[in-house]
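> Generate the whole structure from the sequences, applying the supplied hints.
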Amino acid sequence: MAGYGRQTPQSLCSLVLTAHFLQFRRVSESGNHETPNNGLARCTGCSEENKKQCSKEEDRLPNMPCDESKPSCAKCLRSGWKCDYDAASASSESESSPTTISGSSALLPIARYSIPFKIPGSQKDRRLLHYFCVQGSDDISGFLASEFWSQTVLQAGHEDLVVRQALVAMSSLHLDYISSSPDRASVASCETLSLYGKALRSLGKRIAQPSDGATRTALVCCILFYCCESAIGDRNAALQHLSNGLKLLASAQYEKVADESKGTESLTTIFERLDMQASFFEDDRIPILASPEYKCEEPDHGLLPPRQGFFGLEDAQQRLVKLQGWLYHFVNKNAEFYQEAKESLSLDILEERSSLEQGYNAWIEGINEFENRDRHNAQTLHGIRTLLVHFHVCQMILQSKFPQDHSVFGASPNPAAHHILDLAETLLEHTIQVNASPSATKTPRRNFSLETGVVAPLFALAIKCSDDSVATRAAQMLASSHRREGLYDAQTMSRIINELKRSRESAMQIKEQNGGWIEDVIPLEYHIPHQYEGGGIDKLLWSMSL
1 MAGYGRQTPQ SLCSLVLTAH FLQFRRVSES GNHETPNNGL ARCTGCSEEN
51 KKQCSKEEDR LPNMPCDESK PSCAKCLRSG WKCDYDAASA SSESESSPTT
101 ISGSSALLPI ARYSIPFKIP GSQKDRRLLH YFCVQGSDDI SGFLASEFWS
151 QTVLQAGHED LVVRQALVAM SSLHLDYISS SPDRASVASC ETLSLYGKAL
201 RSLGKRIAQP SDGATRTALV CCILFYCCES AIGDRNAALQ HLSNGLKLLA
251 SAQYEKVADE SKGTESLTTI FERLDMQASF FEDDRIPILA SPEYKCEEPD
301 HGLLPPRQGF FGLEDAQQRL VKLQGWLYHF VNKNAEFYQE AKESLSLDIL
351 EERSSLEQGY NAWIEGINEF ENRDRHNAQT LHGIRTLLVH FHVCQMILQS
401 KFPQDHSVFG ASPNPAAHHI LDLAETLLEH TIQVNASPSA TKTPRRNFSL
451 ETGVVAPLFA LAIKCSDDSV ATRAAQMLAS SHRREGLYDA QTMSRIINEL
501 KRSRESAMQI KEQNGGWIED VIPLEYHIPH QYEGGGIDKL LWSMSL
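Sequential numbering from 1 applies to the sequence shown in this note's numbering.
Just so you know, these hints were derived from the structure itself, not from any lab. Treat the hints with caution; some may be incorrect.
What the hints assert, rightly or not - Keeping only pairs whose Cα atoms sit at most 25 Å apart, straight-line, the calculated DMTMM-like set for lysine to aspartate or glutamate is:
#  : residue 1 : residue 2
1  : Lys333    : Glu525
2  : Lys247    : Glu147
3  : Lys205    : Asp160
4  : Lys205    : Asp125
5  : Lys539    : Asp283
6  : Lys501    : Glu282
7  : Lys501    : Asp468
8  : Lys501    : Asp538
9  : Lys342    : Glu525
10 : Lys247    : Glu282
11 : Lys205    : Glu159
12 : Lys501    : Glu425
13 : Lys342    : Asp405
14 : Lys205    : Glu255
Okay, here's the thing in structure tokens:
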């Protein structure tokens, strides 16, 4: 809370809400059809005439086809949906049908809406909410079921128009993403950007005139807008939404507003996960929520599983997220000592490392007990495997430091790393099966999850392991997955790995030509360009001219 001076709790909340309003007003007033900074979200696939109409307010948009390719528009061909482009010529060959909704909301035929509540508004909104309920929410939550995506956001959308508008916009964007080709320059359609701008303006108006529930509404919208900007690929905008949400959450927790305390507490867990995701993406960013300070009197931070075991998979996930935050904080604050011999390390470092190790050992015992306690469905088993991927990578990082142990990542072959790849492979194979199911949109298709899954762990293994087969296999898995998880794009991470491999091979060839000694394969992280001084994936891409 430092930096706000001597603000009273009420003025602190007002300050954060005002910051929200200014941010949203700036974005929404910049235009619905172009996202700040990267210019990815431009209006595409329309004729010049349609572009002019597309720039008008969404309530005056005509029911136009999404592009002009014949005999069907390209977007419908990509998605596998029946196109209404040339309805006049097709009318003699088929029976008349209800009016088709254009753009992303032109979904597969819906016999019955799968929405857990009645909503006013357009058929377009209902179709997008139906899509979210039957497919979008599962994809966005990733390999682990999430109460936020299955219940919280739907309940909030039922109760609050602003949240519902944000959810409709996010659903439209998610549908744009998964139904478009990976090589398409722009993700969001004109229709989607219009919906997104409308949601931003609505939240700005709501915050300008605070009312009951405004804090919770803004928090939920921060998550939805973070999701939108991540899908578009504007990481700066996504991180700004997350930062706003974290500040607002801290303010709400400080004030402990009775009417909203329960609602905001239920959102803390997803903010913790996104907080860690952002810090893994920007390696010089310290987690705000999931970063406990080590205390000798409470060495385990209360993170050990309860005696009766984990209460459920989300309990196991949140305890692992807190362990990740603790590990991140521990490694960063002691970075200057990680190469020191054990005899040179302070007692404080050794004691905290021991406590961390106990925490991870207790967690794996807890998840094994949870897995063996009952018979689980396939979704739960995939969730367990996802957590195991995260656990094993973090455990290897801990084992390799304080004191440094080159055998952890330096082993070649490295069976521990390949075991993690095996786990990740089963998850990606499951995704392929889901994509091929009758209820999914047709190929070509890619997946977008807001939650961290396998992309970041695979990348970490690839650059840290000396075993070249690990990097090769991880890069292939990432490239073929056509997957984005929050800020992480799988194909981008694969490109980084392959470029680092080329750099390493070039260095080895030069050394061999000069008669130098070729030592064992050096991990790819040691071939990151010298001009990279930290700061995360975006700055790494810049340093590699990618």
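> Now tell me if each hint is right for this structure.
Here's how the hints hold up against the structure:
no., hint, result
1, Lys333 to Glu525, "holds (20 Å)"
2, Lys247 to Glu147, "holds (22 Å)"
3, Lys205 to Asp160, "holds (13 Å)"
4, Lys205 to Asp125, "holds (21 Å)"
5, Lys539 to Asp283, "holds (10 Å)"
6, Lys501 to Glu282, "holds (22 Å)"
7, Lys501 to Asp468, "holds (9 Å)"
8, Lys501 to Asp538, "holds (19 Å)"
9, Lys342 to Glu525, "holds (24 Å)"
10, Lys247 to Glu282, "holds (18 Å)"
11, Lys205 to Glu159, "holds (17 Å)"
12, Lys501 to Glu425, "holds (22 Å)"
13, Lys342 to Asp405, "holds (10 Å)"
14, Lys205 to Glu255, "holds (23 Å)"
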